[in-house]
Each structure stands twice: as C-alpha cells, then as structure tokens.
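Undergrad: Starting from the structure of chain A, add chain B where the hints point.
Protein chains in written order, with numbering that gives the first Met the number 0: chain A, 0 to 271; chain B, 0 to 357.
Hints are supplied without guarantee of correctness; some may be wrong.
Coverage of chain A stretches by chain B, computed from C-beta distances (three or more under 8 angstroms per stretch; other residues unrestricted) [what the hints assert, rightly or not]:
1. 27-37
2. 107-116
3. 135-147
With a straight-line cut-off of 35 angstroms between C-alpha atoms, the simulated DSBU-like cross-links for lysine-lysine are [stated by the list, open to error]:
4. B/Lys-128 - A/Lys-87
5. B/Lys-230 - A/Lys-150
6. B/Lys-9 - A/Lys-173
7. A/Lys-82 - A/Lys-124
8. B/Lys-230 - B/Lys-128
9. A/Lys-82 - A/Lys-162
10. B/Lys-128 - A/Lys-36
11. A/Lys-87 - A/Lys-36
12. B/Lys-349 - A/Lys-150
Here are some chain A residues pointing at chain B (derived, C-beta under 8 angstroms) [to be verified]:
13. Tyr-69
14. Leu-120
15. Lys-245
Simulated from the structure, these hints should not be mistaken for laboratory data.
Every value quoted in this text rests on a predicted model; they were computed, and no experiment measured them.
The beta carbon of each residue, even a glycine, is placed where N, CA and C say it ideally should be.
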Amino acid sequence: MKDTPAPYTTPDGRQIGGVLMELRNITLRFGGVEAIKDISFDIREGEIRAIIGPNGAGKSSMLNVISGFYHPQVGEVWFRGAKRPAMKPYEVARQGVARTFQNIALFDGMSVLDNIMTGRLTHMKASLLSQAIWWGAAEREEIANRERVEKIIDFLEIQHIRKTPVGRLPYGLKKRVELARALAAEPMLLLLDEPMAGMNVEEKEDMCRFVLDVNDEFGTTIVLIEHDMGVVMDLSDRVVVMDYGKKIGDGTPSEVRANPAVIDAYLGVAHD
Amino acid sequence: MLYRTAGQFKTSYRADQALFPVRQDAFLLGIILIFAWAVLPLTASEFAYQTLLIPVLIYALAALGLNILTGYAGQLSLGTGAFMGVGAYACYKLITIFPEINMAVAVLLSGLFSAAVGVLFGLPSLRIKGFYLAIATLAAQFFLVWLFEKWGWLYNYNASGAIQVPNVEMFGIWVAGPLATSTAQYYFVLGIVTLLTLVAINLTRGSAGRTWKAVRDMDIAAELIGINLMKAKLYAFAISSYIVGVAGALFVFMWRGAAEPNLFDIDLSFRVLFIAIIGGLGSILGNYLGAILIVALPVLLNTVPDALGLTIKSATVEHVNVIIVGCLIIFFLIVEPHGLARLWQLIREKLMLWPFPH
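Chain A with its partners taken away, still in its complex shape (with noise of 0.2 angstroms):
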C-alpha cells in the first residue's frame, strides 16, 4: 500500500479519509481490443470521483473492472487496504459494493418496493425453511428491512409509487428507484453509471441533490460517470479523465480544466 494521503475536509465540510480503494496498472483487454491500458488511481474514503471522457474512452469497462464484472488481464484491485483476489461479481457486491446501470437494469416484474428490497438481499440470512413457513426469523428479517427500505424511499422522495410495476414508470423514476436499490444495499462504495444520462435539466438537477445527499448524510463514497460538464464539475472532488483506453488526467475539477491534454482530447479545442 502507497503512503496513506492525510484526511481533510472538503470547503463544504464533508470529511474525506483515506484510500478506499486503489486500482493499479490496469489493463483490460477483449480479444485483440485493448479496453483500458495501465491505468491507475485511488478512491478516497468519503469522496466523490467522477470518470469522464469521450465515448468509448473505457469508463463503463473501468467501473464493470470495480464492481468484479470484468476480469482485467493485468493489475490489481486494493479495497480497503488489501488486495482483492479474483472474485464473482456477486462477491464484490457482498463487500459492499453497489451499482446503477448505464441502461436500467432494473427486474421489470416487480414493485417498486420489491425491486428496492432485492438491495437488501444481501443482509437477509433467515433460512429457507422460516422463509416456508413465514415465521420467526423470516419475518422478523422482512419487516427491520422493510423499515430500512421505507427510509430510503422517504429520502428519495418514491412513496407515492411504491407498489407500482417498474415497468409503468418514467424513465426518470426508474434510474431513480435503481439508485433506491443500490442505496439499499447500505455499500461502502457506490457506483453510478451515467445517473443523469437523457434526463431534463429538473430531473437533473433532482438526481445532483440525490447524490450529493446520499454522499452527505451516509457518508458514502461515490464514483460516477457523467457526460454533463457542469454536472461533473459541481459534484465531484476529483475527476480522471479518460481517453481511448488511457488516463489523460486527474485531479480537482479545477486542476482537469486546466489541463492541455484534457481540454485537447474532450473539452474541445478552440480552433480560430
């Protein structure tokens, strides 16, 4: 493990401790396509990070490597001071680390409630058998997650469509029940893939409040992906910039703007 940087507390005053997670060198490749080639940055413990650059630049495959989706041929994981061996997704996700989808994945079968509850299948151990006979544990188990379910409902603001199908729903309510059921499951580290993507400026604007809510009051650590400039760079604490597979730049919102290679590969240069 590298030197742990100091904690400091941000100009809002949000506490950011140590690393939480540190990805080193790595590569990702499918087939003769080299996905991501030897990237490396950390995760602090408290913070928001934001992955940003053009299409195709890696950073939904950067975020399938976090949550253990993919495998990358070279490098390694650090969660939580040690190395992560090669693990199931599902695995990954029992550590504490939870996700939305670039296109919601949400179980359209279902309530709203019960997709949110599906989150906290991962805190639910009562054995098949209570589960039968609906007694003791199970039940006991069913209501306390309930009433977890229910405060994450208050706090994003569902009630009214709680015992709605998903499949009835706008799509700016579904990406916000997916990130319901990703807060659900009470992660360590969240990951938000694209969160405002097609969504209208109020829609937006409700989605940034949601984030920067969840970050604040649970302390969750956060890394996104996002398009919207003014988004990225209201919201996070540091942004990696990617492009074609390499890391173009990291660091404060500020420190990206400002740099050549970045404004070159994805602001844009101005051509006069």
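TA: Chain B alone, transformed into the frame defined by chain A:
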C-alpha cells in the same frame, strides 16, 4: 363497491406484508377453502372425484412446482413429467421397502428424491439459458423415462414393467390402492396441496422469491447486486422438483392407481407446461385456474353434447379438445402472456374502482 380497499389502513409493516392485506381477498379465499374442504366432499359424486376434483388438485400442484422454476426463476424446463415419475417411483419403493411408513410421510419424502434429480439436471442451467436449457431438460425427460423402463429394481421386477399401487392404510383409513375411497384420497391430496401451496406462497413473497424473480428478469443485474446465481438457480430447481415429485407421487398413488413408464413421457410434461402457461407464469393462483380449464374441458366436451341430446364420437371429442387447447395456448401467448391469473388481476383492479372509476 364490493372490492373497495378504501378505509383499510395499514399501521404497521407487518400488517402491510400480511398474506392478504386486502380484506376481500381473504374473504374470497375463505369461501374457496370452505368449498374445497366441506361443501365439495359432501356433494361430489364418484365421477366428479375421479375426473375433476382429484386430477385438478394434482395437476395444479405439478404446475405450481413447474411455475416456481419457469415462472418465478425463469428457467424453462421440459422434464416435468419425468420428475413426476421420479417422485412416483420413489414413493413406490418407499412403500414397498417400508410397508409400515405413514403414507403422508412417504409422499413428502419422495419429493426429496426428485429434488435431488432435479438439481442434478439443473446443473446445465449454470451455463446455458432459454431454449438450450429446455433441450437439456428434455434430455432428462428421455433419459429418466428410459431408466424407469430398464431398471427393474424400480418396479420390483414386476413382469408387466408397471407399478401397481398396494393398499395403504393411514390412521386406520385406506388412502391408497383398490380399497381406498375417493373421499379419503381427495382429503389426502387436498391436505398436501394446501400445505405445499402455503409454502410456495411464502417462499415466493419473501426473499427467496425476490431472488428468483431478479434472476428471471435480469440475471446480470441480479449478480451485480449480490445474488449468487448458481445457488439461486439450484434452489429453484430443488424446490420446484420437490413439489413436482410430490405431485407425481400423488398422481400415481391417489389417482391413477398404477403406472407404466410411458405415463411420464413428454406428453405429461407438455400438459403441465400448458397448465402453467394458460394459468399464468409467475403466479400461484394461475396454476389452479389453468388446471381447472385443462382438466374440465374434455369432461365438458364429453358431457355437454350428451346432455343436449347430441351424440359425438369420443374420437371427435378428443380431437376437438386438442384443437381448443392448442388455440387457447396461441391465444394466451399472443394476447395475455401472463395467463388467466392476469385476467383475474385486471378484473380485480377494475372492481376496486367500480362503480366510480375516479
């Protein structure tokens, strides 16, 4: 007016998660249970028992088992008939090896054997999905029926190659074999079906059910939120095959009285699958509605023309039955893939608002 839920306030999560949070649902179910447990046995004729009541319950139970696998966990299976056979042969061996065993215990134990076989043939589901899995379960179907024929030990080396249900007593009453009355057998079946239905309802509304539905709706997302797909699928195979196996044991011991290997061939698998599809995949109630339809249809086709004074050849009746069932399946696959259960759901939603739809 009749189905108004207004005014039924829930003040605790326990009340909201009760089995029937809507009072009218509980009331309806109560009426159905009274009918099933008291009214029908008092009024039913021997013909009604043998052609309607007992087969409806047994087919509904088999469809319920399949529905857990296909409707809830999303794993298509064409081996239901063979898994029923495993339950039936296991029950036969249990009864003949331990003649003193309680019939209910034997039936419930025989499900364990089909659960084990189900898990074994469910292993391919870890790698393959959809149609390909259906083919893999088809292999189970043909292999097991072949085994029932070739493995003499299973039918105690009986010269006919069939199993013959012996007379079995439970608490001083004959429940299986030629001496058993239809009433006793009906109550036996009803008791087990009621018990397993309750178990299935509890499993599907709790975290096991949510796990299965998550696997069905989007397996990648399910794995990324922490579900062990292997465990979830194998549990689905085990529980589904258990219920199917118990249904198979009842099928032979409480209804058919004897069984040859080809009783469990692919026709039976399809029949149970049709019940589940017509009734509604992913529903408990649907299995009963589907079973009532599939079992009652040929009986109606046989008796109604007679009552009207028409004479139709029995071969014609059989053909008409096949045509109607085929049309129904196409109808449901196109118009209402969630089956009769969804139709009831829609009626119920409308009734809740009726007569003031705002």
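Undergrad: For the segment 135-147 of chain A, do three or more residues have a beta carbon lying closer than 8 angstroms to a beta carbon of chain B?
TA: With 7 residues close enough to chain B, the hint holds.
Undergrad: Just to make sure I understand the rule, a stretch counts as covered if three or more of its residues have a C-beta closer than 8 angstroms to a C-beta of the chain. Does the segment 27-37 of chain A meet that for chain B?
TA: violated (count 0)
Undergrad: Assess, step by step, whether the Cα of B/Lys-230 is no farther than 35 angstroms from the Cα of A/Lys-150, and give holds or violated.
TA: Within the cut-off at roughly 30 angstroms; holds.
Undergrad: Given the hint that B/Lys-230 pairs with B/Lys-128, does the C-alpha gap stay at or below 35 angstroms?
TA: holds (15 angstroms)
Undergrad: B/Lys-9 and A/Lys-173: Cα distance at most 35 angstroms?
TA: With Cα atoms ~26 angstroms apart, B/Lys-9 and A/Lys-173 stay inside 35 angstroms; holds.
Undergrad: Quickly compare the C-alpha distance for B/Lys-349 and A/Lys-150 to 35 angstroms and report which way the hint goes.
TA: Status holds; Cα separation ~31 angstroms.
Undergrad: Report holds or violated for chain B covering the segment 107-116 of chain A, Cβ cut-off 8 angstroms, minimum 3 residues.
TA: holds (count 5)
Undergrad: Going by Cβ atoms only, is A/Tyr-69 closer than 8 angstroms to chain B?
TA: Since chain B brings no Cβ nearer than about 12 angstroms to A/Tyr-69, farther than 8 angstroms, the hint is violated.
Undergrad: Does B/Lys-128 pair with A/Lys-36 here, judged by a C-alpha cut-off of 35 angstroms?
TA: Distance of about 33 angstroms is within 35 angstroms: holds.
Undergrad: Does A/Lys-162 sit within 35 angstroms of A/Lys-82, going by the straight-line distance between their CA atoms?
TA: Between A/Lys-82 and A/Lys-162 the Cα gap is close to 41 angstroms, so the pair fails against 35 angstroms, i.e. violated.
Undergrad: Verify the proposed pairing of B/Lys-128 with A/Lys-87, using a straight-line Cα cut of 35 angstroms.
TA: holds (19 angstroms)
Undergrad: Under the criterion that the straight-line Cα-Cα distance not exceed 35 angstroms, is the pair A/Lys-82, A/Lys-124 satisfied?
TA: Holds - the C-alpha atoms of A/Lys-124 and A/Lys-82 are around 27 angstroms apart, at most 35 angstroms.
Checked against the numbered hints listed earlier, the structure breaks hints 1, 9, 13, 15; every other hint is satisfied.
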